[in-house]
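Visitor: These are the residues of each chain, in order.
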Amino acid sequence: MPAQQGVKDVRPLVVTVFTIFCLTNIFLLVISLLIAFKNSKLQAIPEDIGLGVRVVIFLIGAGLSWALGRWLYMRMVEGNIKVPEAATAALVLLFYLLLTFAGLTFLGGFSWIWQSVFLLVLMLMTLLGLSRVIGTKAAIVVLVICVVLGIVLFFLLA
Amino acid sequence: MDLLKRCLALALLAPAAWAGPKSALLIDRSGSMKPYYQDHVVRQLSDTILAALRGQSEDIAVYAFSASAQRVKGIENVEQLPFGDSTMLDKALDRAVKDGVQIVWMITDNIQDDPGSADTGDTEQFYKKLRSDVIEKVTIFPLRQPAGRPGLVIYALLKKDGDSDLYERELAGFHSRAEGILRTGALRMKPLDRDTVGISWVRANINPRTSLITYDTGKPVKEIIEVKFKSKFDHIEITNASIDVVKREASFGKGSLIYPEKSDIDISPRTVERLGPGDETEQVYKIDVDLGKLKLRNDPASLWKAAWVKSSEDATLELSFVIQVPQKNFRLRPRFLQEFNGVTLQDAKNTGTVYAIDRLPSLMSGAVTAVQVTTPVVFRVRYPSYPTFLWLAMFGLIGLTIIGLFLGIKRAAAMALHRRWDVAAETQAGVSLGSAVENGNVLVQREIVGRVEGDTFVPATGTQIVQPPAAEIHLSDGQKVTVEARRRLVVLTFKKKGTAAKAATAAAALPPRRR
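Quick mapping for you: the protein sequence lines, in order, are chains A and B.
Take the first sequence: its letter number 129 is residue 129 in this note's numbering, and every next letter is one higher.
Take the second sequence: its letter number 262 is residue 262 in this note's numbering, and every next letter is one higher.
Next up, chain A with everything else stripped away, as it sits in the complex:
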């Protein structure tokens, strides 16, 4: 029973983190689509900033992603979630945050291509891996909400 209690405690946290990461990635994808197809001038960081600065931002992001992923993994293990499931879920969330930083750092005219591909892969990983922790229904609901919000945002900003 205490183990079951632990799972219940950590699940809302994972769902919240997943929702935030997914929304951020959808938002960044919308911006890159606007840049590519609507000639938008939106920029996360100045267009002509040195590549070194971008790489450093990305590396810091990668470090943060790893730290956050590890922290979530520990919370999930403490919440009595099985180690393989916790590891998969933490890895999926880590990649969401990594994709966020990659999107922020290398946002541009063509970034929508790789952003879309990686986001689709992550969504697949969400349904196959993360859903074991947060539940398939919750995963689908969050994904649908994020995609719908993304579409609305695209037409609002276009």
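Derived by calculation from the structure, the hints in this document are not laboratory data.
Any given hint might turn out to be false.
[Unchecked claim] One side of the interface only, derived from the structure: several residues of chain B facing chain A at Cβ under 8 angstroms: (1) Ala307; (2) Trp308; (3) Trp391; (4) Leu392.
[Claimed, not checked] Taking lysine-lysine pairs in the DSS-like style, the calculated list, with each CA pair at most 27 angstroms apart, reads: (5) Lys159(B) - Lys219(B); (6) Lys159(B) - Lys91(B); (7) Lys38(A) - Lys310(B); (8) Lys349(B) - Lys34(B); (9) Lys310(B) - Lys41(A); (10) Lys293(B) - Lys262(B); (11) Lys286(B) - Lys310(B); (12) Lys41(A) - Lys91(B); (13) Lys310(B) - Lys262(B).
Remember, it's a predicted structure, so these values are computed and weren't measured experimentally.
By construction, the Cβ of each residue, glycine as well, lies at the ideal position given by its N, Cα and C atoms.
Fit chain B to the given chain A structure using the hints.
Guide: Here is chain B on its own, set in the frame of chain A:
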């Protein structure tokens, strides 16, 4: 002291007071000008010019000239002077320049009183002077008069190294005041070779403001630019002139981090058939720009900026051409000539036009005038990524070196600390056993029985300290510790290095492990 201060102030102010006026108005007082004085035309013109000049500076010199020039207080003093016999324009100009004047305005009918006299060549001399390096800018305002007398001419001249900004302001001031009152048009006659022809862009990926595509370093750049030449002359047209390309150094300038491999520029066709005043050529010219590969400068500063400051730059390349215009191929446009030119003196008198103004372009230009056409073109160039990875690799290497050094020093310090102790091991029966301290580990017959950490002996797992009874032993020189390892008792004697002869053990080198 007060007197000294005043003297000093006077000494400092004196040169400014003696500097004299920068601008002057020279008024023709020759006999041929008499009717213009009688009708107050000269007075009206002078007042208009002086008002324009005084809008910029209060101190304006006024001269009256005929055979010679003399400075007067004001226009009313000019009218009191007797009329002269001839018009020595060049001498009047010399006088004003000698007095330190930088901008000269002249009102004249532009003709000698007696075209057949010995002074006939005087105007020619004047134009020679205007053509020379002494004068930097010449603008002429022909003024039509009512039929019955020839038109007048106003010259606005800027001496070499004179105040060009003031000159332009005065011109603009006169233009705005004269517009609508006087029937005139500004005719910029000098310089004919600078800022007179520009480039109009027909089709190009690059232009003076921006670059439509981004170029990559390391890739060859070859562009074809389609342009037309655009005249900035108001009334002068150019015909049958050849175009030369000015060879320049293959460089984007000092501030740029990149440089082109070469700078091969060509233009075709190589002639300007006709370029009307204010017009563009009908012909479209193709400029071939071949820069070869663009390269990043390999100095540390450039590599640093390319990695950490900017990812691209707008590199500017100067395109320079020279349009070689023979003297006879500068012409005033027909409409201007029709309005202001009197072919003969009689014609000028009859129509109120200016005598021989059509000769001005040939009088004011050399045998061949090299009209400079220079335009910048912007290439947006993306820097390569290798400087970033070079710096990151360097930082990584430096980081690893620092970590390595830190660990090495730490290990060396630990080693030095461990090396302070020697150990001798024997059985309770006094039989010597092979023993040593290696990297802090206390070995007895190749088996670890414990560690020396600083000055403390800590037993290994599976080893127990028997005597003295304690979990750890703080070591002192000659300290004996009995431990039980593998169900046998071993007496360890610790000795500080350098304090005594090495513990006499049978095996200085460790004997082979007991089986």
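Visitor: Are the hints correct? Go through all of them and say.
Guide: Tested hints:
no.	hint	in the structure
1	Ala307	holds (4 angstroms)
2	Trp308	holds (4 angstroms)
3	Trp391	holds (6 angstroms)
4	Leu392	holds (7 angstroms)
5	Lys159(B) - Lys219(B)	violated (49 angstroms)
6	Lys159(B) - Lys91(B)	holds (15 angstroms)
7	Lys38(A) - Lys310(B)	holds (25 angstroms)
8	Lys349(B) - Lys34(B)	holds (14 angstroms)
9	Lys310(B) - Lys41(A)	holds (18 angstroms)
10	Lys293(B) - Lys262(B)	holds (8 angstroms)
11	Lys286(B) - Lys310(B)	violated (33 angstroms)
12	Lys41(A) - Lys91(B)	violated (64 angstroms)
13	Lys310(B) - Lys262(B)	holds (24 angstroms)
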